[in-house]
Structure formats: structure tokens, C-alpha cells
Amino acid sequence: MKIDQKNLKFWFLRWGGGLLVFILFFILFYFSGKQFSQEYSKKISLIPKVKTLAEFSRQLTLEKPGTIVSSQDIQVTSQANGKVARILVKEGDTVKGGQPIVQLSDTIASYKLQAERAKNGLDRAILTKTQTETTLNQQIQQAENAYKQAQQAFQFAQKTSETAVKQAGLGLSGAESQFEALKKNFLSQKIALVNFMNTVVDAGDALLGVTDYYEDRLEGKDTYVGAKDLKQKIEATKALRELYNLRDQINALADIPNSAELLTTATQSLDRWYVTTIAFAKLMQEVMKNSISSEGSLGAEEINKQLQLFQTYQVWPSTQQARSAFIAYSNQVEAQLNGSSTMEKEKAGLNYENTLNTTQNSLFTAEIALKNAKVNYETLLATKDTQLDLLGNAITDAKIAYESALIQYNKLTLRSPVSGVIGSILISEGQELWFGTPAFKVSGTKKQQIEVYVTAEEYQYIQESLPVQIVYQDQMMTWLIDAMSTVADRTNLFKATILLEKEVPLLGDVAKVIFPIKVPENTLLPLEKVKILNENEGTIPILSGTTIVQLPIKIKKIWGSFVEIKQALPWTLALVMDK
Numbered sequence: 000m001k002i003d004q005k006n007l008k009f010w011f012l013r014w015g016g017g018l019l020v021f022i023l024f025f026i027l028f029y030f031s032g033k034q035f036s037q038e039y040s041k042k043i044s045l046i047p048k049v050k051t052l053a054e055f056s057r058q059l060t061l062e063k064p065g066t067i068v069s070s071q072d073i074q075v076t077s078q079a080n081g082k083v084a085r086i087l088v089k090e091g092d093t094v095k096g097g098q099p100i101v102q103l104s105d106t107i108a109s110y111k112l113q114a115e116r117a118k119n120g121l122d123r124a125i126l127t128k129t130q131t132e133t134t135l136n137q138q139i140q141q142a143e144n145a146y147k148q149a150q151q152a153f154q155f156a157q158k159t160s161e162t163a164v165k166q167a168g169l170g171l172s173g174a175e176s177q178f179e180a181l182k183k184n185f186l187s188q189k190i191a192l193v194n195f196m197n198t199v200v201d202a203g204d205a206l207l208g209v210t211d212y213y214e215d216r217l218e219g220k221d222t223y224v225g226a227k228d229l230k231q232k233i234e235a236t237k238a239l240r241e242l243y244n245l246r247d248q249i250n251a252l253a254d255i256p257n258s259a260e261l262l263t264t265a266t267q268s269l270d271r272w273y274v275t276t277i278a279f280a281k282l283m284q285e286v287m288k289n290s291i292s293s294e295g296s297l298g299a300e301e302i303n304k305q306l307q308l309f310q311t312y313q314v315w316p317s318t319q320q321a322r323s324a325f326i327a328y329s330n331q332v333e334a335q336l337n338g339s340s341t342m343e344k345e346k347a348g349l350n351y352e353n354t355l356n357t358t359q360n361s362l363f364t365a366e367i368a369l370k371n372a373k374v375n376y377e378t379l380l381a382t383k384d385t386q387l388d389l390l391g392n393a394i395t396d397a398k399i400a401y402e403s404a405l406i407q408y409n410k411l412t413l414r415s416p417v418s419g420v421i422g423s424i425l426i427s428e429g430q431e432l433w434f435g436t437p438a439f440k441v442s443g444t445k446k447q448q449i450e451v452y453v454t455a456e457e458y459q460y461i462q463e464s465l466p467v468q469i470v471y472q473d474q475m476m477t478w479l480i481d482a483m484s485t486v487a488d489r490t491n492l493f494k495a496t497i498l499l500e501k502e503v504p505l506l507g508d509v510a511k512v513i514f515p516i517k518v519p520e521n522t523l524l525p526l527e528k529v530k531i532l533n534e535n536e537g538t539i540p541i542l543s544g545t546t547i548v549q550l551p552i553k554i555k556k557i558w559g560s561f562v563e564i565k566q567a568l569p570w571t572l573a574l575v576m577d578k
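0 is the number of the first residue of the sequence shown in numbering that gives the first Met the number 0; add one for each residue after it.
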């Protein structure tokens, strides 16, 4: 067959071009769709999957091997050394598992004395922590008060320094402007004196109780203040009332005296009241020296603190600045109003420089005192928890020692390991027993039982009232615990006894016993999500808002694929499972 080349070319152009366009379109659609799918999947993967702690709440179990034994003719031996004080049953009596049978007297190993000593050690450790915490709180309170006083002293030093510099600068102004400036600056002198008086008056009233406000807060402290010289105390009380009157007079003075005569009179009054206030501070210092120490009301430490406080008021840098500034101000007033010339410009400049240097030194001293008080306060706060933690550890050690001594003491009571009938009593009252001495035999009321030994840690989790499951030779049985030893044996193990209601083929064979374990709610976490730092600490990823953070936890025990933590967390806590 002959093919027409012209028709073949036409057919190729017509159908081949369309096919090429279709292929290009398909490729474009495929890759754009794939890119969209990848970006969408990426966005979805950024949202973390979370679960709350409530979703992990479950019943845990503890699996232990148990030995199948006969409960007939069990011989009980003494677990301690001692003399038989009382035999509480007789042969043939029916007893229950755990019932006391023989009571030993503590004549050899002094178990009771050891328990009492251990209890005293525990009480002392608790008392030491309580007393230390009280002392630390008092020290922190005192440090906080000292810090606040240092802040006030620094602020007062700033104010008085500013006033002193301004007053010294008056000497550089002209005589006419100086007089006007002296009148205007009277207010700052008045305020400085009032501030100083307030500080001294409040401190004195807090000890003498002149006003109702402070009298209600003395709490019996006034009985011991100045008690060695009541005449002097009465004198101080009268002086304090006079200071209150003087303060009212100061407040009544005009802030800006409008005449030279009023300015002179007011300045002289301020001078007298400065002297009066300082004299009261000195008198209060003597009153504190004559105070009687009474711990709980007015301790020796408080007396010494107040003594130093009133001494400080007399030599306080801020007081000296305020007093020096006032004397300079008073001299300027006197020189100006007496018609004598003011200082020469050079002398005034020198006075200004000296005042500036003095105030800067005082400010620096006050600032250092403030920083030291702050460091002392913050250091006490920072070390408080550490000291209490150490004392808490001492309490834990003392508690362990007490519990150990108590376990030994409990061994003086011999109990029936199972419910049954007393077969024979092998001892008599007054007989000396040694560890391992046979004491009595008991025959169980059922033929077979399972004995399971658990550690001291596992013993704390077992609940005797809950049924246990027993797996033996493809059988699943459910029974209750008949008896649980209250003291550990020489290997520090506790024994759980489970009586069987039906016989099983082999004695001495091993069965699996499943104990139900109940832990507090919201204390279980999946092991795979816990980053273990050490045997007691770890972290878990949680969702806080839109951020994943690592939350520290305290590990108590690991149960298979779960971790039990010491402190329950909020059940709504969002644990990040995946990103």
C-alpha cells in the first residue's frame, strides 16, 4: 500500500500538536498539585498533638511470683530477743491472721528505748526546723526594715544635699536677690526640720506611746522601756509631748516670711527646735540604756537596735547636713538683716565648693549603706530555702530511723501468720527467747495458700482490702489477701498470704499474683514522653499557649511504660504527644 506523504504530514500536524499540548498541561497540573499538597501537609504537621493527664489515669498492677504451700502446722519463731511477758491465747483457740499471740518484754536489746530515742530525734529535727524558720523570718524582717530605713536615709540625704547646695549658692548672688532668696528658702529649712522631727518623734512615740496610734501598737513593750529610771522616762515623755507642740508651731509658721523681723524670729525658732530635737534623741538614748530586756516583748537585740538608732539621729550624715545647712542659712540671714556685708564672692565660692563636696560624700555614704542593706536582705531571702531544705532532709533521715526502730520494736509481738487454730504453744511466760526460737504452731483452716514476698517500697502500694488475681496453669482465680505481715523479715521483705478456696495440684509450684495498685490521680505519665535527667528528676513537653516548653517533674517510681510523679499536675495540662 502506498502512503501519501502529503496526507501523512497533514495528519501529524493536526493530531501530534494537540497531543503535545495535552502532555504539557498534564505535567504542569501534576507538579503544581504536588507542591500544594506538600505545603498543606507541612502546615498541618506544625500543629502539635496533645493529651491531658486525665487520659492517662488507669489502674496499675504489680505482678509478683507466689509459692503454693500448705497452711497446715505453721511453726512461728521469735523475730527478736526478749523474755515472754504474756501468752495471749491457749492451745485450741481459733485465731485470725495477724492476731497477736505472744508478747515479749523488752529486756535485752532495748527496742522500746531505741524507738523512743529515735522518736525524740525526729521531734528535735522538726523543732529545729521550726525554730530555724522562725529565726530566718525574723532576720529577713529585720533586714527588710533596715533596707527600708536605708532607702529613707538615702532619700533624705538627697533632699538635704539639694537644700544645702542651694543655700551655699545664695552667697554667690547679689545682696538684694540674696535677701529674697533667703525668704524663699525658709520653706526648705522648715521642711528639713519637720522631716527630721518626724523621724525622731515617730521613733520615740513607738517606744513611749504618747499618742493613741502608737499606744495601741506597743503590745506591752512600754512596760520595759526605761524601767530602770522611771523619772527619766517621765522626763522623756514630757519632752516628746513638747516636741509635738513645737512641730505644730513650726507648721504654723509662714512658708515665706514677708518681713525681715519675721524671718529673723522664725530662723531663731528653727535653731532652738533643732537643739531641742537633738537633745530629745540624746535623752531617748539614755532611756534605752535604762530599759529592761524581756524576750518576746523587748529583747536585748531590739534595745541595742533602738539605742543605735537614737545615737544615729545625733550623728546621722543627713542630720549633720541639714544642721550645717541651717547654720549656714542662719548666718546668712543674720549677716543680711544686721546690715553687715555678706561674704566676699571668693569666700562664698569656697563655701559653695565645700558644701558641694560634703553633700556628695554624704550621698555616696548613704548610697553604699543602701546597697549593703539590699545585698543583705536579698542574700537572706536566697539562702532561706536552702537552709530549710537541709533541715527537711534531716527530718527525713530521722523519720527513717524512727520507722526502722519501730519495726524492730513491733517484732516483740508474735502474730499468727494465717487464720486457723493454735496447735501447740512451745514456750512459757518468763522464758528467755532468742531470735529464731520456736514459739507456737498454728494449723490453717484451709489446706493451701500462696505466699508472696514484696519489698518495703512495694509494701506501701499494696491495699489489703482489694482482691488479687492469681494466674496458675491457664487458670485465672480471684481471691482476697488473708494476712499481711506488719514487719519485714531478715531480708527486709514483707509476706502476703492468700488462702485458696480450692486445691491445686502441686505444692511448691509458682503462680503469678497480680496486685491492684492505685496511684493518686494525675500522677501518671507515659515513659516515652519523659526526659529523665537523673533517678529523681525529669522534664516533659507541654503546650503553654502556642509554645512548647519543658516542665520539670519529680520522679517517684517507674511502672513499666508509665512514670509516677511525686506531685499531681492539673488534669487539664496539655502534654505534647507529637509535632
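Each hint should be verified, as a subset may be incorrect.
[Unchecked claim] Here are the simulated DSS-like cross-link-like pairs (lysine-lysine), alpha carbons at most 30 Å apart as the crow flies:
no.	residue 1	residue 2
1	165	182
2	95	440
3	304	281
4	555	118
5	517	565
6	63	511
7	528	128
8	147	220
9	147	410
10	63	48
11	398	410
12	50	440
13	281	227
14	237	383
15	48	556
16	118	556
17	304	227
18	63	383
19	95	410
20	304	63
21	89	555
22	530	48
23	220	383
24	553	111
[Stated by the list, open to error] Cβ pair distances, simulated, as ranges:
no.	residue 1	residue 2	range
25	157	255	17 to 27 Å
26	147	363	15 to 25 Å
27	531	456	16 to 26 Å
28	299	385	24 to 34 Å
Everything labelled a hint here was simulated from the structure, so no lab data went into it.
Using N, Cα and C, we set each Cβ at its ideal position, and we do this for glycine too.
Hint check results:
1. 165 to 182: 13 Å, holds
2. 95 to 440: It holds: about 14 Å lies between the C-alpha atoms, which stays within 30 Å.
3. 304 to 281: Satisfied, since the Cα-Cα distance of roughly 15 Å is no more than 30 Å.
4. 555 to 118: With Cα atoms ~26 Å apart, residue 555 and residue 118 stay inside 30 Å; holds.
5. 517 to 565: 14 Å, holds
6. 63 to 511: Answer holds: residue 63 to residue 511 is near 6 Å, not above 30 Å.
7. 528 to 128: 37 Å, violated
8. 147 to 220: Holds, at about 23 Å.
9. 147 to 410: 60 Å, violated
10. 63 to 48: 36 Å, violated
11. 398 to 410: Holds. Residue 398 to residue 410 sits at ~19 Å (cutoff 30 Å).
12. 50 to 440: Judged against 30 Å, a Cα distance of about 56 Å means the pair is violated.
13. 281 to 227: 17 Å, holds
14. 237 to 383: 44 Å, violated
15. 48 to 556: 26 Å, holds
16. 118 to 556: 28 Å, holds
17. 304 to 227: Holds, at roughly 18 Å.
18. 63 to 383: 45 Å, violated
19. 95 to 410: 18 Å, holds
20. 304 to 63: 66 Å, violated
21. 89 to 555: Roughly 46 Å separates the two Cα atoms, so the pair is violated.
22. 530 to 48: 18 Å, holds
23. 220 to 383: Holds, because 29 Å separates the two Cα atoms, which is no more than 30 Å.
24. 553 to 111: 36 Å, violated
25. 157 to 255: 17 to 27 Å: The hint (17 to 27 Å, Cβ to Cβ) holds, given that residue 157 and residue 255 are roughly 23 Å apart.
26. 147 to 363: 15 to 25 Å: 20 Å, holds
27. 531 to 456: 16 to 26 Å: Hint holds: Cβ distance 18 Å, inside 16 to 26 Å.
28. 299 to 385: 24 to 34 Å: Given about 28 Å between the Cβ atoms, the range holds.
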